Amino acid sequence: MSTKTLPILLIAGALALSACARNKESLPPPPPQAAPALPPAPIDQPGTVPPQEPVQTTTLPGSQADFVRAAGSDTVLFAFDSYSIDETARQILGAQASWLGQYSNVRVTVEGHTDERGTREYNLALGERRANAAKNFLAAQGVDASRISVISYGKERPAADGSNEDAWAQNRRAVTILVSGAR
Amino acid sequence: MSERGALAVAASLHLLLLGALSFSLAQSLPERQAEVDSTPIEFVEIGDEPTVTEPPKPSMQAAPRDPGLPPPSDFLAEAPPEVDKPLPAPVVRADDTAVQDAIAEEVVAPPPPRRQPRETKRDSFDAGAMASLIDKSLPDAPVKPRDTSAFAKSIEAALPKGAKVSPRAMATLEQAIRSQIAPCWNPPIGGADVQAMTAILRIRLNRDGTVAVAPEFVSQTGATPGNQAYARAFVETARRAVLRCAPLTLPDDMFSYWREFELNFDPRLMT
Amino acid sequence: MIWRVFCALLLAAPAAATLRVDITSGVEAPMPIAVPAFATAAVMPTPAGTTADLGRQVATIISGNLTGTGLFRAVDPAAFPAPAVAQVTAPAFLGMRTAAAQALVTGSVTANADGTLTIGCYLYDVFSEEELVRQGFTVTPAGWRRAAHKCSDLVYSRLTGESGYFDSRIVYVAESGPRTKRVKRLAIMDQDGANHRFLTSGQSLVLMPRFSPVDETITYMSFAGDRPRVWLYNIGTGRQEAVGNFDTMSFAARFSPDGRTLLFSVTRSGNADIFAYDIASRRTTRLTNSNAIDTSPSFSPDGRKIVFESDRGGSQQLYVMNADGSGAQRISFGSGRAASPVWSPRGDLIAFTRMDGGKFRIAVVRPDGSGERLLTDSWQDEGPSWSPNGRVILFSRTERAGRSTLRSIDLTGRSDRRIPTPLEASDPAWGPLLR
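Residue numbers (our numbering), protein chains in the order written: chain A, 1 to 183; chain B, 184 to 454; chain C, 455 to 889.
Isolated chain A, as found in the complex (with noise of 0.2 Å):
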């Protein structure tokens, strides 16, 4: 570690814990006779950090922010065994290859998934099936095949977690990831 990290995580260490201490005074007091009895106060006045100056995020053009905010989605979901692409599908992937087209030398990868609800190595090639389809969507609308790559993590990797119908349909999906960015 760095030195000139150490103080940022000492500060972030002490918000940290300053923060523990406003959740605690939420909490309901507790009884009285639990009470420990408070240690004296120290008699040198603490120190003070002033707060930090705030910091903003901006989508630049030509990242993965960009590329989602103007597609809608980096995320096409699938049906259940299936890797069709369905009419939501389609718009969303069809905005991601009009941007595509305009960064023409951004790659991706497109990240094959399914959800719990099948063998390991069954959803392995299940994930690369949709993968592709996606891939095959995206250059069908002109995005040069050779700029997309694929892979799958089967249902190795979900984005929720959870047993039921809402968690695996987030799951069975198609995600579109810019690996070079824009120039």
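FYI, nobody ran anything at the bench for these hints, they're computed from the structure.
Predicted, not measured: the structure shown is a model, and the values here were computed from it.
Treat the hints with care, since some could be wrong.
Calculated lysine to aspartate or glutamate pairs in the DMTMM-like style (CA-CA distance at most 20 Å, straight line) [as the list claims (entries may be wrong)]:
no., chain 1, residue 1, chain 2, residue 2
1, C, 759, C, 810
2, C, 813, C, 778
3, C, 759, C, 712
4, C, 759, A, 161
5, C, 635, A, 53
6, C, 635, A, 166
7, C, 635, C, 853
8, C, 635, A, 74
9, C, 759, A, 165
10, C, 813, A, 74
11, C, 813, C, 831
12, C, 635, C, 826
Once you have looked at the hints, place chains B and C on chain A.
Just chains B and C now, kept in the frame of chain A:
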């Protein structure tokens, strides 16, 4: 040969033998005396409660013996192999690999010589035994006219086979044996070859239902060169079942039928 | 002379009609077995504890191994006194019978002058009072558990007639962290969970490790460098090697029975086909070429057939083909899907994952497709792996929105039990019996 024919042959042979014995010819068979079963057998008791329902009728038709049966001498010579062969000496080995902790197998001691198997008595109804039985029984016998038909009846009762007992009594006996052995039998279910395996053991019991002689291996189906260890373990489960469940409680009046019998262990319906 | 013939005839007659009773039923209860603490002639200190301590622990391990099979039940050791050394070769059978034990495992622990330990292992039939087998094992103090496993194997194989599996290891995937960012590491341990060790750091996602049946090599799938593919890993030397040179994903690898060939799937534009890879020559042969997901290949023990799963008929089902890829025949029918088949080392059964009604269950079926039996019933049981003797199946169980654990079950469906692991666990693979 029909069952009736066999009965008739047996009966007529017995009568002839008895006749011979009663003329004090028994001493002409001294070598048989050595094999007399030491177990006391109450011959007369059986004779008093005959279960013979149909007296045998001698018949000329029954005279030739079934040639399919091996002569007794061959039968003795072809005693089935002892199931528990002495174990081969374990291989002495000293393996050492980089990852595994070194482990070496060695023989602690050679297996001890197996107990000398008790000399099995192939047949307790040999002539010598019968002679002695009859001799023994005479003093205790109730006063009865020694006519040959009475003798025939009592001999039929004493014989475990050939005689005819009511099928119902026989079925009851079989069921009594089955119901006492099955709860003690833990067949090796799940073995690869259990589907095809059965084993027959010969059981010899004392009158009190205890095991007179260790159950003897007769034959087995489903054993192959590849499953000998499993086949052996299979037979041992059967033998263990008999030893665990002894003494059996069986009808005393049918002792002649269950003093020696065979059990066919067949788990195929269980799997 | 005539009398002798006469008597011979008389004697032969009864033998022809002995009463024979068929015993067609029995009990499927575990066999009660006594495993008292192993004796020691002189209590000696060793790096692994005193010989008396080891005698107790060896007996505990053997008892745990045997009862874990579901085929044996340990008789309470308090029911009879632990034998002294002299009683190891001359047991008091009466006491055992009183305690209702049918077999007795006993033995001794001796510290040798050269620092090794000799553990003697004896098995007796309590009712026939016969010694069934005896064997000594000499180990380093650190290897004492292996002697206990070897003794367990000796007892198990003598009583069941099947080879043992206690002196063996399991490789699996240890899981930690939230489900959405799971850290997965290869780990190895003894079949009873002892001597646990991690093999990979968790930096890369790893899946589906499988043991070579002949040596210390593992094959597994790694996402290292975002290139999901099959690797070979010699756990003795630490040497790793990527398998083949495919642009696309390779996965679901498994060794042939002779350890010389790997079978695995390679994807191509969304489909997966099965390939054979000769490890020595690094040559790859395509075995299937279908417009479908063909995966989870597994050789028959004679190396002549391959079982695999395919959705070529519309849904995942099991198929058996010749080792050269010809003559594929569907063998799974019935309701639902069938996946991740693995051929028993015994050859008589194929274990697989049956998916039906929203559940994954472990099932077995004969290679001709007959006699399918479900062995487990839970929410998600998958990825069966056979014990080296083809008697027990390891698998991973995931609770609904819950933990993943390793379990084992006897092929009769008895003795469903958890294998302890320090973290959550999946993808277990049973290694061969150690030498």
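Taking the hints in turn, this is what the structure says about them:
1. Under the criterion of a C-alpha separation no larger than 20 Å, the hint pairing residue 759 of chain C with residue 810 of chain C is inconsistent with the structure, at around 27 Å.
2. Between residue 813 of chain C and residue 778 of chain C the CA atoms are separated by roughly 34 Å; this puts the pair beyond 20 Å, and the hint is violated.
3. With a C-alpha separation of about 14 Å, the suggested pairing of residue 759 of chain C with residue 712 of chain C holds against the 20 Å cut-off.
4. Restraint check for residue 759 of chain C and residue 161 of chain A: not satisfied, since their Cα atoms lie roughly 40 Å apart, outside the 20 Å limit.
5. Restraint check: the Cα-Cα separation between residue 635 of chain C and residue 53 of chain A comes to about 32 Å, which exceeds 20 Å; the hinted pair is violated.
6. The straight-line distance between the Cα atoms of residue 635 of chain C and residue 166 of chain A is roughly 19 Å, inside the 20 Å bound, and the hint therefore holds.
7. With a CA separation close to 18 Å, the supplied pair residue 635 of chain C and residue 853 of chain C stays within the 20 Å bound.
8. Under the criterion of a C-alpha separation no larger than 20 Å, the hint pairing residue 635 of chain C with residue 74 of chain A is consistent with the structure, at around 19 Å.
9. Restraint check for residue 759 of chain C and residue 165 of chain A: not satisfied, since their Cα atoms lie roughly 40 Å apart, outside the 20 Å limit.
10. The hinted pair formed by residue 813 of chain C and residue 74 of chain A fails the criterion: a straight-line CA distance of about 32 Å is larger than 20 Å.
11. A hinted pair counts as satisfied when its Cα atoms are at most 20 Å apart, and residue 813 of chain C with residue 831 of chain C qualifies at roughly 8 Å.
12. With a CA separation close to 37 Å, the supplied pair residue 635 of chain C and residue 826 of chain C exceeds the 20 Å bound.
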